[in-house]
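Could you build the full structure based on these sequences and the hints that come with them?
Protein chains in written order, with the working numbering: chain W, 344 to 574; chain F, 92 to 211.
Worth flagging that the hints you see were computed from the coordinates, not collected in a lab.
All C-beta atoms, glycine included, are put in the ideal place defined by N, C-alpha and C.
Any given hint could be a false lead.
[What the hints assert, rightly or not] So, partial list: chain F residues that the calculated Cβ filter (under 10 Å) puts toward chain W:
(1) Asp97
(2) Asn98
(3) Tyr103
(4) Leu120
(5) Lys136
(6) Val137
(7) Asn138
(8) Asn140
(9) Gly162
(10) Val183
Okay, here's what each chain looks like letter by letter:
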Amino acid sequence: MSLLECKHLSKRFGNTMALQDVNLTLPRGRIIGLLGKNGAGKTTLIKLMNDLLTPTGGTVLFEGAPLGAESKQAIAYLPERTYLERSMTVAQTLRYFATFYTSFDQEKAQRLLADLDLREDARISTLSKGMQEKLQLVLVMSRKAKLYILDEPLGGVDPATRDYILDTILQNFAEDASVLLSTHLIADIERILDDVILIDKGQIAEEASADELRTREGCAIDDYFRRRFKC
Amino acid sequence: MNFQFDNERPIYLQVVDTLRRSIVSKQFLPGERLPSVRDLALQAKVNPNTMQKALSELESAGLIFTERTSGKFVTRDEAAIAEARRSLANEVARRYLHEMEGLGFSAEAAADYLTEEADK
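Encoded structure:
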C-alpha cells in the first residue's frame with residue numbers, strides 16, 4: 344500500500360482552478376521534492392494533503408484510508424508561515440507539542456535545541472526569524488512520523504541556516520518515513536532528493552527520479568526547471 | 092573523506108567516485124569495515140538511498156563486499172584495487188590530454204611537456 348495517494352484531486356478558489364486533476368502516489372522511504380514556481384499550486388496541494396482544505400473534487404488517501412485523526416498523527420507538517428504562540432516560552436512550546444502529538448519525542452527536541460544554544464526559558468517573541476524557523480523545524484522533525492511535509496523550509500534564511508536545516512532533515516527523519524518538501528530554491532536542495540515532482544499551473548508536469556532526470560537532461564534539476572518554466 | 096558535489100551529474104555517481112578514490116588512496120584499507128549506510132550518508136550529506144545505490148555500484152564493481160550480519164567491507168583483493176587505480180589514472184590522463192589539445196598541443200607534445208615538468 345502506498346503511503347499517500349491523491350486521486351483526481353482538484354481545488355477551485357472562486358474562478359481560479361488552483362489544482363486540476365492531480366494524480367499522485369508518494370512511496371515510503373524517499374525524499375521527494377515538490378518543485379514549482381510561485382503560484383503553481385504547491386501550498387494548495389500540501390494543505391489538501393494535511394486536510395486543511397476541502398477538495399473541490401477527488402480524494403486524498405493516507406495508507407489507503409481517508410484523511411482524519413490518524414493521518415494527522417502520522418504526518419508531521421511544517422507550514423510556510425510560523426504558527427508558534429509568541430507569548431509562550433520555548434519550554435512551554437515543547438510541552439504543548441508533547442501534549443498535542445503522542446509521537447513527539449521531547450528529549451530529542453531538547454537535544455536538538457541544546458545544539459542550537461537556544462535557552463528554554465526564552466520567549467518566542469524574543470527569537471530572531473531564523474531562530475524561530477529552526478525551532479519550528481526541530482519541533483516537526485522530533486515527531487516520529489511516517490510522512491514529513493515541509494512547505495518551503497528554506498524560505499528566507501541565510502545559507503548557513505540552510506545547511507543546518509538540510510542536515511537536520513537528513514539526520515532526523517525516521518527510517519522508512521518519507522519527506523515531501525516544497526521549494527523554489529532548487530539548487531540548494533536537489534542533492535538530497537530521491538524523486539522530484541514538478542508542478543505547473545495546478546497540474547503535475549512531471550514525476551521522475553532526481554538522478555534519472557539529471558542523466559536524461561545532462562544538467563542540474565535547477566537548470567532544467569529554469570529552462571522548462573521560463574517566464 | 093571529502094565529498095563535494097556538482098548538481099550536473101547524478102549524485103550517486105559522484106559518491107561512487109569519492110569512495111573509489113578513498114579506497115584507492117588507502118583512506119579505507121583493504122578489509123576495513125565501512126561505516127553504516129546512514130553514517131556515510133550523513134558524512135556526505137546525501138540521502139541514505141543515494142548512498143545505498145552508490146555502495147551497490149561499488150559492490151558490483153568488486154571493490155566492497157557485504158558480510159550478512161556485520162556490514163560492508165573494503166575488498167582484500169589488491170588486484171581489484173589496482174585495477175580501480177588504473178581506471179582512475181586513465182580518467183586523469185584523458186582529461187589532461189583533452190585540455191592540452193584545447194591549448195593546441197598534440198598528444199605527443201603534451202606528453203613531452205609533462206615529462207619536462209616532472210623533471211623540474
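Item to check | Unsatisfied constraints (hint numbers, rising) | outcome: 4, 9 and 10
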